[in-house]
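Trainee: Taken in sequence, the protein lines are chains A and B. Each position in the first sequence, counted from 1, maps to that position plus 13 in my numbering. Each position in the second sequence, counted from 1, maps to that position plus 57 in my numbering.
Honestly, the hints are just simulated from the structure, not real lab data. Possibly wrong hints are sitting among the right ones.
To be verified - Okay, derived cross-link-like pairs now, PhoX-like style, lysine-lysine, Cα gap no bigger than 20 Å in a straight line:
| id | chain 1 | residue 1 | chain 2 | residue 2 |
| --- | --- | --- | --- | --- |
| 1 | A | Lys71 | B | Lys230 |
| 2 | B | Lys114 | B | Lys81 |
| 3 | A | Lys71 | B | Lys114 |
As the list claims (entries may be wrong) - Stretches of chain B that chain A covers, calculated by requiring three or more beta carbons in the stretch to come under 8 Å of a beta carbon on chain A:
| id | stretch |
| --- | --- |
| 4 | 107-121 |
| 5 | 229-237 |
| 6 | 248-259 |
Unchecked claim - Output of the computed footprint for chain B on chain A, the stretches with three or more beta carbons under 8 Å from beta carbons of chain B:
| id | stretch |
| --- | --- |
| 7 | 33-42 |
| 8 | 72-81 |
Computed from a prediction, not measured in an experiment: that's the story for all the values here. Glycine residues also receive a C-beta, built at the ideal position from the N, C-alpha and C atoms.
Chain residues, written in single-letter form:
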Amino acid sequence: MNTKDFNITEEQKALVLARLKTLNPESKITLGDHEEISVRKIIKHVEEGDDFGKKIVKVQIRMLQVLAGV
Amino acid sequence: MVKRLVVTRPQYDLATHYLHDFSKEIITTIRSAKDIHATNLEGSKAVRKNLENTLIKEKPGLVFLNGHGDKKEVKGHKGEVILDKFNIELTKDKIVYALSCDSLEELGKLAIKKGTKSYIGYRARFMIVRDPSREGAPSKDKNALPFKRACAMMINALVFGNTVSRSIDLTKKEYLHSIRSYGTSEDDPFGDTPLIRLALAWDLEFLDMEGDPNASF
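Using the sequences and the accompanying hints, generate a full structural model.
Mentor: Next up, the structure:
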């Protein structure tokens, strides 16, 4: 997914941040290359709007669409 | 006619222990199939020399790589680079499934230019969510189970003759099923469901292929 191909609205970003902030900030996702990333760091990426953060927003929105049956 | 595949299964750190476990079932399944032969490059055998020798001598139709990776390479035992631009031509006329981070982005594209039929992989880092209390036993880690099921779906679909396109579709459906269904109190005692769903949605998004979608093993 190329993050240049989509625009993230402020509403989407706010929604994803609100959901992420309900999680334990120390919970972690394992990335393949020996690295773990905490919810706290994921939130920081989203807030800063970097490439990883934009991808997180996009993926979370898609996930919500799946759960909503859209 | 016996169909041949080669599987690399390093097992030297936490991530590769999980991937090693993910591929255990398919090895068992293939052992009971008379018309399929798997060369299992496991643990310290998952090195460049062994992969190259197997590709040259056995000419497997399917190459299943498990391990660390980046945009330019896939790694084996203790991080040894086992597939990169210098030997990618050895996968000519083969289907490659790389369960590793990022490699589809550049190595996958290069592979197709060099004659690989299809290259399946991830366009970003592969995510899983672990239960830290189960690190010593990935097979008992319930958090990892939906990721394992999706990975198993892909290799099973490929091994039993589905096209690359169909195998990806089946795997994406498995990811979708897990996103929708995961999260009862029984399978999520620690409240990890939202994070697991996020990681599943990430892997769903970035699983993709280069090359011929109609290729089959």
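Trainee: Given that the stretch 33-42 of chain A was listed as covered by chain B, double-check it with a C-beta distance under 8 Å for 3 or more residues.
Mentor: holds (count 6)
Trainee: Holds or violated: A:Lys71 and B:Lys114, Cα atoms, limit 20 Å.
Mentor: violated (44 Å)
Trainee: Examine the stretch 229-237 of chain B for residues whose CB is less than 8 Å from any CB of chain A, and state whether their number is three or more.
Mentor: With 3 residues closer than 8 Å to chain A, the stretch 229-237 of chain B meets the three-residue bar; holds.
Trainee: Please check whether the stretch 72-81 of chain A has three or more residues whose CB lies within less than 8 Å of a CB on chain B.
Mentor: Answer holds; 6 residues pass the 8 Å Cβ test.
Trainee: If you draw a straight line from the CA of B:Lys114 to the CA of B:Lys81, is it 20 Å or shorter?
Mentor: With Cα atoms ~24 Å apart, B:Lys114 and B:Lys81 exceed 20 Å; violated.
Trainee: Check, residue by residue, whether the stretch 248-259 of chain B contains three or more positions whose beta-carbon lies closer than 8 Å to a beta-carbon of chain A, and give the verdict.
Mentor: holds (count 10)
Trainee: Do three or more residues of the stretch 107-121 of chain B come closer than 8 Å to chain A, measuring C-beta to C-beta?
Mentor: Since 0 is below three, the answer is violated.
Trainee: Below or equal to 20 Å on CA atoms is what counts here, so check A:Lys71 against B:Lys230.
Mentor: Holds: A:Lys71 and B:Lys230 sit about 19 Å apart, inside 20 Å.
Hints 2, 3, 4 from the list above are not met by this structure, while the remaining hints are.
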